[in-house]
Amino acid sequence: AQRVTQPEKLLSVFKGAPVELKCNYSYSGSPELFWYVQYSRQRLQLLLRHISRESIKGFTADLNKGETSFHLKKPFAQEEDSAMYYCALTSSGTYKYIFGTGTRLKVLA
Amino acid sequence: SQTIHQWPATLVQPVGSPLSLECTVEGTSNPNLYWYRQAAGRGLQLLFYSVGIGQISSEVPQNLSASRPQDRQFILSSKKLLLSDSGFYLCAWSVGFYEQYFGPGTRLTVT
Numbered sequence: 001a002q003r004v005t006q007p008e009k010l011l012s013v014f015k016g017a018p019v020e021l022k023c024n025y026s027y028s029g030s031p032e033l034f035w036y037v038q039y040s041r042q043r044l045q046l047l048l049r050h051i052s053r054e055s056i057k058g059f060t061a062d063l064n065k066g067e068t069s070f071h072l073k074k075p076f077a078q079e080e081d082s083a084m085y086y087c088a089l090t091s092s093g094t095y096k097y098i099f100g101t102g103t104r105l106k107v108l109a
Numbered sequence: 110s111q112t113i114h115q116w117p118a119t120l121v122q123p124v125g126s127p128l129s130l131e132c133t134v135e136g137t138s139n140p141n142l143y144w145y146r147q148a149a150g151r152g153l154q155l156l157f158y159s160v161g162i163g164q165i166s167s168e169v170p171q172n173l174s175a176s177r178p179q180d181r182q183f184i185l186s187s188k189k190l191l192l193s194d195s196g197f198y199l200c201a202w203s204v205g206f207y208e209q210y211f212g213p214g215t216r217l218t219v220t
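Just so you know, the sequences run in chain order B and W. Going letter by letter, the first sequence gives residues 1 to 109 in this note's numbering. Going letter by letter, the second sequence gives residues 110 to 220 in this note's numbering.
If you are wondering where the hints come from, they were derived from the structure by calculation, not from laboratory data. Yeah, the Cβ is synthetic: ideal placement off N, Cα and C, and Gly gets one too. Just to be clear, a hint being listed does not mean it is correct.
Claimed, not checked - EDC-like, lysine to aspartate or glutamate: derived pairs with alpha carbons at most 20 angstroms apart: (1) B:K96 <-> W:D180; (2) B:K96 <-> W:E168; (3) B:K22 <-> B:E8; (4) B:K15 <-> B:E79.
Stated by the list, open to error - Residues from chain B shown here face chain W by an in silico Cβ test under 7 angstroms; the list is partial: (5) V13; (6) R43; (7) L46; (8) Y95; (9) F99; (10) G100; (11) T101; (12) G102.
Generate coordinates for the entire structure from the input sequences, incorporating the hints supplied.
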């Protein structure tokens, strides 16, 4: 079955600590992976996508096809990183996007 | 630039009443359009998507339906609302297989 799994509903870290939000996927084709973020009272928006191999707001994510994972990482968390994070995938063979259940990140002062 | 609008922002409807939520996109042509329901702990559930006028794909059998009467207009409807239809509904658009752009959402409460 095609699925995106985010095992943590809530992740709390202290400011300055490293952050890793986990994402595992199950997909039979060649997926395109994304991380979306929703800050309080804002729209859901793209944070980064694996094909761009970019770092946004200090976050990076590496696609590991062997482990079928796309974990989101940041070496030093900031309070403004507190938000809801969703991992998602799509494929060139479909117009559908599959989202995970989301992880709420709380960065404590 | 492209923008996406949804209305209303909030809606309270009694059980058994009809529903119509509207989504429009500006600044792009022939977008792929999507309706999601967002629930705490359940993430984003894809309800419908459309790749063109009159083309609707349903992902979850339920009390809802969708229509695309114009290229940049996507409507979510119900003939008779159920309590379980309460939730936060998001419209989104994309072009090709790239990122999606989301609207501000509609909070629906069925009483």
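Structure-based check of each hint:
1. Taking the CA atoms of K96 of chain B and D180 of chain W, the gap is near 18 angstroms; set against the 20 angstroms cutoff, the hint holds.
2. Straight-line distance between C-alpha atoms of K96 of chain B and E168 of chain W comes to about 9 angstroms, which keeps the hinted pair within the 20 angstroms bound.
3. Only pairs whose Cα atoms come within 20 angstroms are accepted, and K22 of chain B paired with E8 of chain B is accepted, the gap being roughly 7 angstroms.
4. As the CA atoms of K15 of chain B and E79 of chain B are separated by approximately 6 angstroms, the hinted pair is consistent with the 20 angstroms bound.
5. The closest approach between the C-beta of V13 of chain B and any C-beta of chain W is roughly 21 angstroms, which is over the 7 angstroms cut-off, so the hint fails.
6. With its C-beta approaching chain W no nearer than about 5 angstroms, R43 of chain B sits inside the 7 angstroms limit, and its interface hint holds.
7. At a threshold of 7 angstroms, the smallest CB-CB gap from L46 of chain B to chain W is about 4 angstroms, leaving the interface hint in force.
8. The interface hint given for Y95 of chain B holds, since its Cβ lies 5 angstroms from the closest Cβ of chain W, which is under the 7 angstroms cut-off.
9. Checking F99 of chain B against chain W: minimum C-beta separation of about 4 angstroms stays under 7 angstroms; hint holds.
10. Taken as an interface hint, G100 of chain B checks out: its beta carbon lies about 6 angstroms from the nearest beta carbon of chain W, inside 7 angstroms.
11. Here the hint on T101 of chain B is kept, as its CB sits about 4 angstroms from the closest CB of chain W, short of 7 angstroms.
12. Because the beta carbon of G102 of chain B sits about 5 angstroms from the nearest beta carbon in chain W, less than 7 angstroms, this interface hint is met.
Consistency note: the structure conflicts with earlier hint 5 alone.
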